[in-house]
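Engineer: Chains as they are written, first to last, in our numbering: chain A, 1 to 549; chain B, 1001 to 1549.
Keep in mind the hints are simulated off the structure, nothing from the lab.
For each label pair, taking beta carbons as the anchor points, the in silico distance ranges come out as:
no., chain 1, residue 1, chain 2, residue 2, range
1, B, A1039, A, K273, 44 to 50 Å
2, A, H101, B, E1407, 51 to 57 Å
3, B, P1422, A, H447, 37 to 43 Å
4, B, D1470, A, L82, 40 to 46 Å
5, A, K184, B, G1157, 53 to 59 Å
6, A, E407, B, A1039, 56 to 62 Å
7, B, S1270, A, K228, 52 to 58 Å
8, B, Q1539, A, D336, 54 to 60 Å
9, A, E323, B, L1198, 23 to 29 Å
10, A, G382, B, G1157, 39 to 45 Å
11, B, M1505, A, W546, 31 to 37 Å
12, A, Q221, B, A1459, 31 to 37 Å
13, A, L82, B, E1407, 48 to 54 Å
We put the CB at the ideal spot given by N, CA and C, even for glycine.
2 protein chains.
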Amino acid sequence: MPDPSHPVSFETRPADYRHWKLSFDGPVATLSMDVREDAGLSPEYRLKLNSYDLAVDIELADAIQRIRFEHPEVHAVIVTSLKERIFCAGANIMMLRESSHGAKVNFCKFTNETRLAIEDASDHSGIKFLAALNGICAGGGYELALACDEIILVDDGNSAVSLPEAPLLGVLPGTGGLTRVVDKRKVRRDLADFFSTLVEGVKGKRAVEWGLVDAVYPTSQFKGAVQKRARALASTSDRPVSGPGIALSPLNPTVGDATATYSAVSVVLSRSKRTAELTMHAPSGPQPSTPDEILRAGDQFWPLRAFRELDDALLRLRVNEPEIGTIVIRTEGDRDAVLAIDRALVQNQSHWLVREIILFMKRTLKRLDLTARSFFALIEPGSAFAGSLLELGLAADRTYMLHDDDEENQIALSPMNGGPLPMSNGLTRLQTRFLSHPDKPAELLAHPGSWNAAEAQEAGLVTFAPDEIDWDDEVRLALEARAAFSPDAMTGLEANLRFAGPETMETKIFGRLTAWQNWIFQRPNAVGEKGALKVYGQQGRPEFDWKRT
Amino acid sequence: MPDPSHPVSFETRPADYRHWKLSFDGPVATLSMDVREDAGLSPEYRLKLNSYDLAVDIELADAIQRIRFEHPEVHAVIVTSLKERIFCAGANIMMLRESSHGAKVNFCKFTNETRLAIEDASDHSGIKFLAALNGICAGGGYELALACDEIILVDDGNSAVSLPEAPLLGVLPGTGGLTRVVDKRKVRRDLADFFSTLVEGVKGKRAVEWGLVDAVYPTSQFKGAVQKRARALASTSDRPVSGPGIALSPLNPTVGDATATYSAVSVVLSRSKRTAELTMHAPSGPQPSTPDEILRAGDQFWPLRAFRELDDALLRLRVNEPEIGTIVIRTEGDRDAVLAIDRALVQNQSHWLVREIILFMKRTLKRLDLTARSFFALIEPGSAFAGSLLELGLAADRTYMLHDDDEENQIALSPMNGGPLPMSNGLTRLQTRFLSHPDKPAELLAHPGSWNAAEAQEAGLVTFAPDEIDWDDEVRLALEARAAFSPDAMTGLEANLRFAGPETMETKIFGRLTAWQNWIFQRPNAVGEKGALKVYGQQGRPEFDWKRT
Chain A
1 MPDPSHPVSF
11 ETRPADYRHW
21 KLSFDGPVAT
31 LSMDVREDAG
41 LSPEYRLKLN
51 SYDLAVDIEL
61 ADAIQRIRFE
71 HPEVHAVIVT
81 SLKERIFCAG
91 ANIMMLRESS
101 HGAKVNFCKF
111 TNETRLAIED
121 ASDHSGIKFL
131 AALNGICAGG
141 GYELALACDE
151 IILVDDGNSA
161 VSLPEAPLLG
171 VLPGTGGLTR
181 VVDKRKVRRD
191 LADFFSTLVE
201 GVKGKRAVEW
211 GLVDAVYPTS
221 QFKGAVQKRA
231 RALASTSDRP
241 VSGPGIALSP
251 LNPTVGDATA
261 TYSAVSVVLS
271 RSKRTAELTM
281 HAPSGPQPST
291 PDEILRAGDQ
301 FWPLRAFREL
311 DDALLRLRVN
321 EPEIGTIVIR
331 TEGDRDAVLA
341 IDRALVQNQS
351 HWLVREIILF
361 MKRTLKRLDL
371 TARSFFALIE
381 PGSAFAGSLL
391 ELGLAADRTY
401 MLHDDDEENQ
411 IALSPMNGGP
421 LPMSNGLTRL
431 QTRFLSHPDK
441 PAELLAHPGS
451 WNAAEAQEAG
461 LVTFAPDEID
471 WDDEVRLALE
481 ARAAFSPDAM
491 TGLEANLRFA
501 GPETMETKIF
511 GRLTAWQNWI
521 FQRPNAVGEK
531 GALKVYGQQG
541 RPEFDWKRT
Chain B
1001 MPDPSHPVSF
1011 ETRPADYRHW
1021 KLSFDGPVAT
1031 LSMDVREDAG
1041 LSPEYRLKLN
1051 SYDLAVDIEL
1061 ADAIQRIRFE
1071 HPEVHAVIVT
1081 SLKERIFCAG
1091 ANIMMLRESS
1101 HGAKVNFCKF
1111 TNETRLAIED
1121 ASDHSGIKFL
1131 AALNGICAGG
1141 GYELALACDE
1151 IILVDDGNSA
1161 VSLPEAPLLG
1171 VLPGTGGLTR
1181 VVDKRKVRRD
1191 LADFFSTLVE
1201 GVKGKRAVEW
1211 GLVDAVYPTS
1221 QFKGAVQKRA
1231 RALASTSDRP
1241 VSGPGIALSP
1251 LNPTVGDATA
1261 TYSAVSVVLS
1271 RSKRTAELTM
1281 HAPSGPQPST
1291 PDEILRAGDQ
1301 FWPLRAFREL
1311 DDALLRLRVN
1321 EPEIGTIVIR
1331 TEGDRDAVLA
1341 IDRALVQNQS
1351 HWLVREIILF
1361 MKRTLKRLDL
1371 TARSFFALIE
1381 PGSAFAGSLL
1391 ELGLAADRTY
1401 MLHDDDEENQ
1411 IALSPMNGGP
1421 LPMSNGLTRL
1431 QTRFLSHPDK
1441 PAELLAHPGS
1451 WNAAEAQEAG
1461 LVTFAPDEID
1471 WDDEVRLALE
1481 ARAAFSPDAM
1491 TGLEANLRFA
1501 GPETMETKIF
1511 GRLTAWQNWI
1521 FQRPNAVGEK
1531 GALKVYGQQG
1541 RPEFDWKRT
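Chain A on its own, in the form it takes in the complex (with noise of 0.2 Å):
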């Protein structure tokens, strides 16, 4: 994993699901885990007890969009189990154990993506999660459920939460847990510390005195608490009380050995020379403008289509083309057409489609952000970096632009620039950018028109502006360069820069407790011949060096 020979897929729809059930009943779904052991991405594992791989969130994080898009009508959502006394056991063991190292990070990843995809829900769509655990939650299980804003537990003597990553494995729960425990849930720093090395976990009365969960019921009351509880979060909803959603039909890009290429997206990729180029193109044509034409338009109105196939590709691109090491960003077409797409946006945020869409954006955005290759964006005739599209030039690790002669090369901010589609950090790229200058965004944002090469260089804007003379040699060389650092070396300086400023539990979960992970998803005391994870459910102890760093 992964196997060029079988690239991994990000999508799918209900009808395909192997592993979760989507099940509707007036404002409240129920999402059903009921994991087929012998469908996960490989046949080297069996994913028993509702353990997961890559496969089972792939369908977990489709769901979720569905209910966002398809069903406004959903105001909660009960992530429960179908297997008896079992909720979840986690992450499977046997495919961390066989996945390579980059395979391993990945997968955290996405699940932490998805993770976080369920609190912006709650946060920002007026979607609320209840996790109804009917049994044993361990591991990946129990962070699915601290993702959720309530959790239920099942109080029959056996059922309990718990963390057995470190004390089992030697590693740390790879999902957002030891972080949600304590800045989520606030649990107690000690009485996390103890939890988290209990293999046997936290069960009953003391998990709800530990804030380990809100509630336990015995068995015989517990399905009716659930129904319950998910009446009343979803009776907190702004979501409107019936549909119509729209669908969301399948992306269907074209594939060959070397490029992929979507309506509004293509990308081509230069192995030899380690990069991929991703050029977005602008709308062209009359775009819808009420929140009736974009309801009609649905998946094909522009910015959820352009943005569903840029997700798409960058997802691709992690998972499938690990060697791709700097990934150039173009954008090509009609400058106007974006800014008017944005203003129809901002001006409609506040209807439930345009508000999941221009949340789908920022997400699209953020997985950007935290895509470990480097991005350089190219500003040249022709492009549309402007607004929600030129935040990809902001988000890039450097933008050259073209300084040309005619000055017909220009760039231009929009609202979209100014809030609607922040960071993991909770600042726009531009505040992010301009940390020096905390005023500076706005006089930005008050500036009429475009600018072309030279004023956004003075703007700061972007960072080079080579003329037509040195423009080739200076990008190729910049390109050059990037691509024969140490990989890792890059990896680790993006996760740093690109986050100036403020942290919050979000980039907790991916710049502390990932960057530990990761760190000791390659000690040999887990992945070595006698370590932790690589003996588990073999015969034979870890064998441990003891030395402490």
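Since chain A is already given, all that's left is putting chain B on it; use the hints.
Structural biologist: Relative to the frame of chain A, chain B by itself:
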């Protein structure tokens, strides 16, 4: 390194410095780097071009400490070099190449703490620091400059600041460089990206424009400008105009094979169990309570003496005893004497020396928080977990308090628990502990008198309160279980659970930056046979596994 036959000592004094010259001129001290090539910790490398190893940094840490305590008349410090056209080439690469993973990690941690001690002196002690870069300033050299309040660079057409670690060595600047560039100096992230991949660095006007340095001066004006800026910085100080300071005399612990005995601290190792018992002894007899008495007591004043000993003990454990995984903390003696000391500290905290003592206690407790060992505090009859000594219990991963039948075992808070000793995250340990109940620290601090075990557990101040029947077994089993876990998993677990709540530049350095650096420090791309760090300066070029994660 560490070589058990040559344990590292962290004690030194100016007369013994081999790498720094410390001189005084009224309110301005000058700390000049002049590294002796053959006087590193190991004969296996030579410290060329003012490159440094732990030995060099131990002297730097000592010098800053002595300026604070021994020279209250110093209001500003010039950090410069005595080598022609060279400020500092950063951490010695041969040293890094030859070091074990643990040695690299501990080296970076100590250098980070020393840089943060510079910033602590600037923020809280009225001592401002001016980096006077008289020549090339690379890597760790620039990171040292970044810790200063102002950076002046000579403009000689050659001298530049640089962070060449990533492009040259495939690792990160490990001493806060990336964080300080974007978070302290607020350099724009795309410029920071370019700068951090540029081996030759940035010089002259561009370095000023990008915010990498504060000013450049031609060689002829450099010394004059440095003096002028240093006097200006000194004029902002609230330190006394003249001394006397107090002398910091050697600690002179009695060190045996498995023991280290100081006046107020004792350490007993149990290597087979991989635990250490660290006991702090409360003061006895009458204690100074006025600034004059405290000045007269000097470094024999209990809190300064005891916390200097604790600091030294922690550093020795970190570097010389890597296999000791768990540190059991005990206290002994007169609880009321500690509370009396705390009263004297708080009442006189505006006096420069008392302020320094409190700041030193704060830094030592932060050193404990950042030590990658498990800490279990045991509170037993005869203990003195009160006020500033109770911070040891609040810093511990868990605290066990014996519930004795006669309820003589008690703990107590003091105002020292309410603010003067914050953690790296900016919160007190009580605030971090009670994130879920923000009003609770104030309530607890208002509680008169002490708590017995049952009360302390009820108040949430201790983790467990076993009675006399259960105590021995429960404590023994907890310690045995801890000692059996993967040491890496415990390091990662503790690094996440200890720092609940907000992140600061300081926690970003130790959490995000250090975690990524530690990850890179064991990747084959850095330390493998063909890794960039291994190959540097030898025949051949590095060979990378190009997969990005």
